[in-house]
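Got chain A sorted already, so can you dock chain B onto it with the hints?
Below are the chains, spelled out letter by letter.
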Amino acid sequence: MSRAAETNLEASATAGLELLDPLLQHRSRLGAMVLLSTADALSFSRLRDLLGETDGNLGAQLRKLEEAGYLDVKKQFVDRKPVTWYALAGRGRAALRAHLAAMEVLIRAAKG
Amino acid sequence: MVSDMQQLSDDLRFVRQAVEARRGVNPAEARLVYGYWALYVLVGYFLIDVASDAVAGAFFAVGGIVGGLFSAAVAKRFAARHGEASPDEKRRDALHWAVGMPLVFVAALALATAIPALRGPAGSQVLLVMIGLVYYFWGVYVDRNFLWLGPVMIVAGIAVRFIPVYPWTCVGVVIALGLVVPTLVGKKPVRPQVENEATK
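Each protein sequence line maps, in turn, to chains A and B. Mapping of the first sequence onto this note's numbering: position 61 corresponds to residue 61, and the numbering continues sequentially without gaps. Mapping of the second sequence onto this note's numbering: position 45 corresponds to residue 45, and the numbering continues sequentially without gaps.
Excised from the complex, chain A in its bound form (with noise of 0.2 Å):
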C-alpha cells in the first residue's frame, strides 16, 4: 500500500472515531439502543435479561440515554406489578443511525 493510501487510511479511521457518539462507546448502552431499534419497546427486565446486566448497572446506564433525550420511558401497571417500558426517542434513533454509520467508516478503513 502506498503512503498516500495508508495517510488517507489513517484520516478517515481517526474521522469514524470522532464521529463516534460517546455516549453509545458502551457496550450496554449501544446494546440497549440495538434491541429498542428492532422493537417498538421493552420492559425493563427484558433489556435486563437479554443484556445479561444487573438491575443496578442497567438502570445507570438507560438512566444516561433518557437524560440525553434518546429514549422515551413509560411506567405503567401490567397484572398489578410495575413495568418500565423503553422505547428509542426519535433523537435517540438519529444518534444510533449516525453512530452506526461511523463505525462502517472505521470498519472499512481497518479492512483497508
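Just so you know, these hints were derived from the structure itself, not from any lab. Be aware that one or more of the hints could be misleading.
If you want the footprint, here are the derived chain A segments under chain B, 3+ residues with CB under 8 Å [to be verified]:
{"no.": "1", "segment": "22-34"}
{"no.": "2", "segment": "41-47"}
{"no.": "3", "segment": "72-83"}
Label-pair ranges, simulated between beta-carbon atoms [to be verified]:
{"no.": "4", "chain 1": "B", "residue 1": "I158", "chain 2": "A", "residue 2": "P22", "range": "26 to 34 Å"}
{"no.": "5", "chain 1": "A", "residue 1": "A110", "chain 2": "B", "residue 2": "L147", "range": "18 to 26 Å"}
{"no.": "6", "chain 1": "A", "residue 1": "V78", "chain 2": "B", "residue 2": "L147", "range": "20 to 28 Å"}
{"no.": "7", "chain 1": "A", "residue 1": "N57", "chain 2": "B", "residue 2": "V185", "range": "46 to 54 Å"}
{"no.": "8", "chain 1": "A", "residue 1": "E18", "chain 2": "B", "residue 2": "P87", "range": "31 to 39 Å"}
{"no.": "9", "chain 1": "A", "residue 1": "F77", "chain 2": "B", "residue 2": "P151", "range": "41 to 49 Å"}
{"no.": "10", "chain 1": "B", "residue 1": "R16", "chain 2": "A", "residue 2": "V78", "range": "27 to 35 Å"}
{"no.": "11", "chain 1": "B", "residue 1": "P102", "chain 2": "A", "residue 2": "L19", "range": "46 to 54 Å"}
{"no.": "12", "chain 1": "A", "residue 1": "K74", "chain 2": "B", "residue 2": "R77", "range": "13 to 21 Å"}
{"no.": "13", "chain 1": "A", "residue 1": "A110", "chain 2": "B", "residue 2": "A110", "range": "50 to 58 Å"}
{"no.": "14", "chain 1": "A", "residue 1": "P82", "chain 2": "B", "residue 2": "I158", "range": "51 to 59 Å"}
{"no.": "15", "chain 1": "A", "residue 1": "V78", "chain 2": "B", "residue 2": "G68", "range": "36 to 44 Å"}
Note that this is a predicted model, so its numbers are computed, not measured. Glycine residues also receive a C-beta, built at the ideal position from the N, C-alpha and C atoms.
Leaving out everything else, chain B in the frame of chain A:
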C-alpha cells in the same frame, strides 16, 4: 487505534449476541400456538380422509378462526409477560396470516370456479401448494423453520395423490411434526458475555 478497534469489535459481538438472544427464544407460548395448529392440521386432514368434504371444510373454517383468535391472545400474553411491545410486528403477522390465508382460500376457490379440473381433490392439492408458499414466506421473513416446512408442504401437495391409504392423514402428520418438532428442539437463547469493560 488497535485497542479502539478491538473494543469496537467486542462491542459489536456483544450487541449481536443480544439481538440473537431476542430472536432465538422458543418460549412456552410458541409451543402452545404451534401445538394448536399441529392438532388442527392433524384432525382436519384426517377428516378429509374419513368424513365428508362439508364436515372437513366446516372444521377448517371454524378451527382457523378460533386458532387465529387464540394465537393473537397468546401473542398478547407473551408481550406482557416478556416485556416486548411491537405493534409493527403484530401488524406484519396479521397481514401475513389473517389476510394471507383467506386470500389463498379465495384464490383457490376462484381457480376451481374458472377451471373445472381444479375442483374436488385437485382443488385441495392446489390449496396445500399455495399454503406451502405462505409458510415458505414466513420462513423467509420470520421463522427459519418454515423455510423447509413450506417446500415440504408443496411437495406433499403434489405427492398426496400417489399415497395409497389415508393420503391426507399422512400429509397432516408430516405438517404437524414440522410445526411441533422445531419448537421442542429450538436453540436456547445466547446470553451476551459481560466482561469488565462493560462496566467502564
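Verification of the hints:
no.	hint	result
1	22-34	holds (count 7)
2	41-47	holds (count 7)
3	72-83	holds (count 3)
4	B/I158 x A/P22: 26 to 34 Å	violated, 59 Å
5	A/A110 x B/L147: 18 to 26 Å	violated, 33 Å
6	A/V78 x B/L147: 20 to 28 Å	violated, 34 Å
7	A/N57 x B/V185: 46 to 54 Å	violated, 34 Å
8	A/E18 x B/P87: 31 to 39 Å	holds, 37 Å
9	A/F77 x B/P151: 41 to 49 Å	holds, 46 Å
10	B/R16 x A/V78: 27 to 35 Å	holds, 29 Å
11	B/P102 x A/L19: 46 to 54 Å	holds, 49 Å
12	A/K74 x B/R77: 13 to 21 Å	holds, 20 Å
13	A/A110 x B/A110: 50 to 58 Å	holds, 56 Å
14	A/P82 x B/I158: 51 to 59 Å	holds, 55 Å
15	A/V78 x B/G68: 36 to 44 Å	violated, 24 Å
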